[in-house]
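Participant: Chain residues, written in single-letter form:
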Amino acid sequence: MAMAIRVFLLLLFASFSAHPSFALYEDQVGLMDWHQQYIGKVNHAVFHTQKAGRKRVVVSTEENVIASLDLRRGAIFWRHVLGANDAVDEIDIALEKYVITLSSEGSLLRAWNLPDGQMVWESFVHGSMPSKSLLFIPANLKKDKDNVIIVFGKGCLHAVSSIDGEILWRKQLATESLEIQQVFQPLGSDIIYAIGFVGSSQFDTYQIDAKNGELLKYSSAAFPGGFSGEFASVSSDMLVALDATRSILVSINFRDGETSFHQTQISDLVEDYSGMSKIFPSKLAGKFAIKINSYVIFIGVTGDNKLEVVEKIDYPAAVSDALPFSEGQQAFALVQHGGSKIHLTVKLDNDWGSDLLKESIEMDHQRGLVQKVFINSYTRTDRSHGFRVLIVMEDHSLLLLQQGEIVWSREDGLASILDITTSELPVERKGVSVAKVEHNLFEWLKGHILKLKGTLMLASPEDIVVIQGMRLKSSEKSKMTRDHNGFRKLLIVLTKAGKLFALHTGDGRVVWSLLLPSLRRSETCEHPIGLNIYQWQVPHHHAMDENPSVLVVGRCGHCSDAPGVLSFVDTYTGKELNSLILAHSIAQVIPLPFTDSTEQRLHLLIDASRRAYLYPRTPEAINMFQHEFPNIYWFSIEAENDIIRGHALQRNCMPEVADEYCFNTRDLWSIIFPSESEKIIATVTRQLNEVVHTQAKVTADQDVMYKYISKNLLFVATVAPKAAGEIGSATPEESWLVVYLIDTVTGRIMHRVTHLGSQGPVHAVFSENWVVYHYFNLRAHRYEMSVIEIYDQSRADNKDVLKLVLGKHNLSSPISSYSRPEVTVKSQTYFFTHSVKAMAVTSTAKGITSKQLLIGTIGDQVLALDKRFLDPRRSINPTQSEKEEGIIPLTDSLPIIPQSYVTHSLQVEGLRGIVTIPAKLESTTLVFVYGVDLFFTRIAPSRTYDSLTEDFSYALLLITIVALIAAIFVTWVLSVRKELREKWR
Amino acid sequence: MEKGKGVVGRRWAIDFTDNSTAPSSRDIPDPLGFTRASPDQDDSTLSRQKKDAEANWKSQKAWEVAQAPFKNLLMMGFMMWMAGSTVHLFSIGITFSALWQPISALQGVGKVFEPYKDKKVDTLGPKLLFIALNLAGLALGVWKLNTLGLLPTHASDWVSSLSPAQEVEYSGGGLPIR
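If you read the sequences in order, they're chains A and B.
For the first sequence, full-length UniProt numbering begins at 1 and goes up steadily by one.
For the second sequence, full-length UniProt numbering begins at 1 and goes up steadily by one.
Check before you lean on any hint, since a few could be wrong.
[To be verified] With a straight-line Cα cutoff of 20 Å, these simulated SDA-like cross-link-like pairs (lysine to any residue) come out:
#: 1; chain 1: A; residue 1: K799; chain 2: B; residue 2: A165
#: 2; chain 1: A; residue 1: K697; chain 2: B; residue 2: A165
#: 3; chain 1: A; residue 1: K799; chain 2: A; residue 2: V698
#: 4; chain 1: A; residue 1: K707; chain 2: B; residue 2: V168
The hints are simulated quantities; they were obtained by calculation from the structure and are not laboratory data.
From just these sequences and the hints, can you work out the full model?
Facilitator: Below you can see the structure in the form of structure tokens.
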């Protein structure tokens, strides 16, 4: 057996040295990979319906994306992903051809060409203090044939030319606590109004000359009751605001520089008023909407500051801004929920009684409530006005409604994935036969004959097109059953909106989706957030009839001691099986390496006060747990205090907490980093599910090194506190990077390295017995990657063949961290060109296949780099035997081979993470990359040595076999005849 | 030699059979110069000589056969030298044939020397030589196998697929989840 493996490995090495890289042919794109583009939850939308041009809508999203979408199909025309800290504040269209965006808290103003999305100009808006940022594009404010853009940002009001982004004038407005809330220009005047609150009780109005920025008039008035900060503008000279107690509506009239307040008690307007009220930030003429209890109340403002209730509707509702559509008329859209339908109403804002449009549309209840509505009008062929509405749902999806139906929808919640796990598909049962997929034998044969023609280069161009089409939409890969190779799986993803999606790995379609009821706002849980997702039950062997399920962990609120939420979801049906709102908080979730009789994995949940809770809460689980009790440890990292602590479980916390599944813990050890010299910036541990094939590493001269393989190792990187910021914020002399390998059971520091003159950000992967980490070297002005390999010195003398043959060795006896194994470490460092966004390592079913590092580059691509390049045994002149082993001569930098980009020509915009999942086929790893976009592919780090390639011609094989059999038969007949003839002679 | 017993009333008959080798039954003297010597008697002396020659020949042949693997050995050696010391299909094929040939030859030692089996011929010597040469061939094969590194003589061959040892303790945790 050992020999066979050696032969196999040697063959493998031989094949490696022949092919240092692998790549994809052009026609293989899309065969096993898929790529989906998203934009995220839409914040602002501006419609642009040029008469001749294509109809489109420009949107900005929470993922800092600005995109132009096709109004007919919802496809993306163009898209820009701004940086993670360049949030888009406002968006508008100027001059009918530029998209203007204001981002980075009002400091960056950019203009993008509307048809193709190219940036036309960019200008920095300077200012002294942080403030709200506002963008206002007056319709008819001209200066030398140039439209002017009014920007308020960083406490200054700016007028910017829309042609080249030049700042025309600038006016400092903000004093200490002034918050400008709105900038507007009454129709037909050259005066710009800027209004805002100072502190909580003063209301300021500025009137500014639009031509030169001169302050024309300033008025200020104090309101003794104080404001809550919420307001709605009702007309060009009036606002309605809520007072600090949220029980009085204050209408603020500021005509001609005179500010007057008028108070109305909400209880006078609405009879059964109690509790909180909230103003909808809508812009309707003479009207505003306010949310009280579970109602939305529209309140009209009559001439003499009188408020009156126009209508009262049930709460889950959303209102759009007013849209001017024909002479002086403005319309707005109102969306309400009713059962499984949503009701869309379009009304004129000065005439409540009549509805321009009233439609009911069937809506998937997994999309939740409507959150935002954007309205747009179009002219029908009969010259009447039609309306289309863009709505953003609770699950962040975007839908376009027109003529009573959903024209298109986008699952943009998938742009903000929090966590991922996988699930197997159901096993193929007798009912689902292969024939269903292969159509019939004739089709199958035809397909293969076509393929054969392709391989023999006989195919015509049309045939090639047919072959390519066949390969791309092979129904084999999108089947809903488990396959032999383990390529087909479900990716279960949890999004920021609290929705679970199950994506099929074959083609990336959404198999089911579930807006988790336990992660929706409710009375008991005001601000639920999803955190992580774990595999809860993976049935195999004896629990085959059960469906697999996942555990979703959430929290009621943002602070760490908020009560936790658990939800269990069946991955076949997509139904929530059970959900719990816990009495304790969740600080950590530790999946234990034991499963109960129904294959449910035991989990330990640690709360903020360091108590451990065991789940599932069954007597069987507690029995199993008690059995392993003394050998379970856990550790916590306090990054803000630079402390790592190790804990052991102590005893049941029965007297204080009446819960038999609760355990007290005690501190075992702690590592306190000196806060003046070290700050934790990165930690990494091995993947829980990683499989390692062997503990021995065989070197070229038949020598053996024993790897130190332990799951209880922690990699910690610390930097000098001065160098914790951006690259360049510290000099090389005052920056250093210290790397630790720590045993998390005993707290023993196994290894420690200092890189002087280096700083973060540090990205690291930990696999088997090695760590690879990426950081910046300030002295060399380059990024570096280092590798550390750990070997067990205490086993190194197990080299007597006879003893090994007879089994007299201690290599398979269980090891304990308390035995203090002696380790040796090998390490090496290389330059690396790219900065890195994420890093991962391939994982295979048995851990035999060699590893590749997957590096998410700054260009949002994924690069596969052989681990062989990061081998500390590399030397400048390797010996012949080392070369045979596959050791590459040492170079100062790691090569970037263009063919080894896993994402080939695609970009995964806003890349945030890379997940690798082992397939059943040993040679293959499934890779899922997520960010704003999603990308999935499968890679074989050592090529597919254990299977035939995709384009293997079975027909050719079949024909060869048939021809051989025929030849055998013919020659047999001939030989019989010849023999007979010989005999007659 | 039926004489037509079923024919009744036959007057005469001539027997055309030539009884020249049988002693004359009708007392016809043999022609002059013809001595009726028994061929059997004559053969016995002749065959003795013949048998001796044959035995000689057999033992000679047996020795030849016994020496045949030597040529094979030389050829194998040459082929092995040609195949080099890296593991690929050719060298593995040659090595395995070099191992298989002596083994199959050793299995059929009896059969190889079957034709030369004789009371007078002593096949033990050739057999021993044959076996020795084949064992040498086998040794050559094994040596080749070793040079290819396919013999489990190193510690690495016995531990290369040894799975990692189990850990007694289990530890989990990390940064608090955000």
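Participant: Hints first: check each against the structure and report whether it holds.
Facilitator: Against the structure, the hints come out as follows:
1. A:K799 x B:A165: holds (17 Å)
2. A:K697 x B:A165: Given pair A:K697, B:A165 holds - Cα atoms ~14 Å apart, limit 20 Å.
3. A:K799 x A:V698: Answer holds: A:K799 to A:V698 is near 12 Å, not above 20 Å.
4. A:K707 x B:V168: With Cα atoms ~17 Å apart, A:K707 and B:V168 stay inside 20 Å; holds.
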